[in-house]
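Enquirer: Sequence:
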Amino acid sequence: MYTTSGARNAPHQWIPLITSVSIPSYLNVQVFRAFSGDTLSSLSCTPLGCSSFLRVPRDRVFFSLASCVISRSENTTPAGQPYVLATLPPFAANILGLLQSKSLQVFLSIKELNILVKEKVTIIDPEAREKSKSESGESGNENYH
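Here the sequence shown stands for residues 147 to 291, numbered as in the numbering used here.
Please keep in mind that the hints were generated in silico from the structure rather than gathered at the bench. From the three backbone atoms N, C-alpha and C, an ideal C-beta is built for every residue, glycine too. Fair warning: there could be bad hints in the mix.
[Stated by the list, open to error] Simulated crosslink set (SDA-like; lysine to any residue; CA at most 20 Å straight-line):
1. K264 x R204
2. K264 x P203
3. K257 x E273
[Unchecked claim] What follows is a set of in silico ranges between Cβ atoms, one per label pair, in the way DEER data are often shown:
4. K266 x R218: 40 to 50 Å
5. L245 x R218: 13 to 23 Å
6. E220 x K248: 24 to 34 Å
Sequences are here, hints too, so could you generate the full structure?
Expert: Okay, structure coming up:
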């Protein structure tokens with residue numbers, strides 16, 4: 147994880163531990179691919195037989211399985227490349243399976259949200275909007291400003 151002091155042109159520095167999700171600027175994420183059943187492999191780049199890592203801005207993290215107890219097995223390929231097999235607990239495997247089965251809907255939703263962010267559209271919580279309308283006597287069903 148990397149963070150910055152927030153000062154203009156301040157460098158990002160490695161931090162090993164955080165106490166709040168708002169602290170890091172970027173997260174280094176190791177990419178895993180399906181291996182077998184509920185087990186994932188860190189050999190995410192199949193043609194090269196190696197692991198992949200991404201540097202992701204904190205505001206682009208959709209969800210995290212960090213609180214799950216994930217069984218890890220450190221291994222080495224015949225060519226000497228280290229890799230990890232990670233077995234998800236049932237709850238995490240169900241979440242991942244659901245997201246995979248709805249991958250098109252997830253993709254399209256994230257795409258739409260990115261457009262709204264780019265256009266700096268404020269999204270109003272429908273429940274808060276209804277409460278506000280009832281208090282002010284306003285009518286209509288517009289959720290964007």
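Enquirer: Confirm or reject each hint.
Expert: Each hint tested on the structure:
1. Only pairs whose Cα atoms come within 20 Å are accepted, and K264 paired with R204 is accepted, the gap being roughly 17 Å.
2. The straight-line distance between the Cα atoms of K264 and P203 is roughly 15 Å, inside the 20 Å bound, and the hint therefore holds.
3. Among the hinted pairs, K257 with E273 is inconsistent with the structure: their alpha-carbon atoms are about 24 Å apart, more than 20 Å.
4. Range check, K266 to R218: about 41 Å between beta-carbon atoms, so the 40 to 50 Å window is met.
5. Take L245 and R218: their Cβ atoms lie about 21 Å apart, and the range 13 to 23 Å holds.
6. The hinted window of 24 to 34 Å between E220 and K248 holds, with their beta carbons roughly 32 Å apart.
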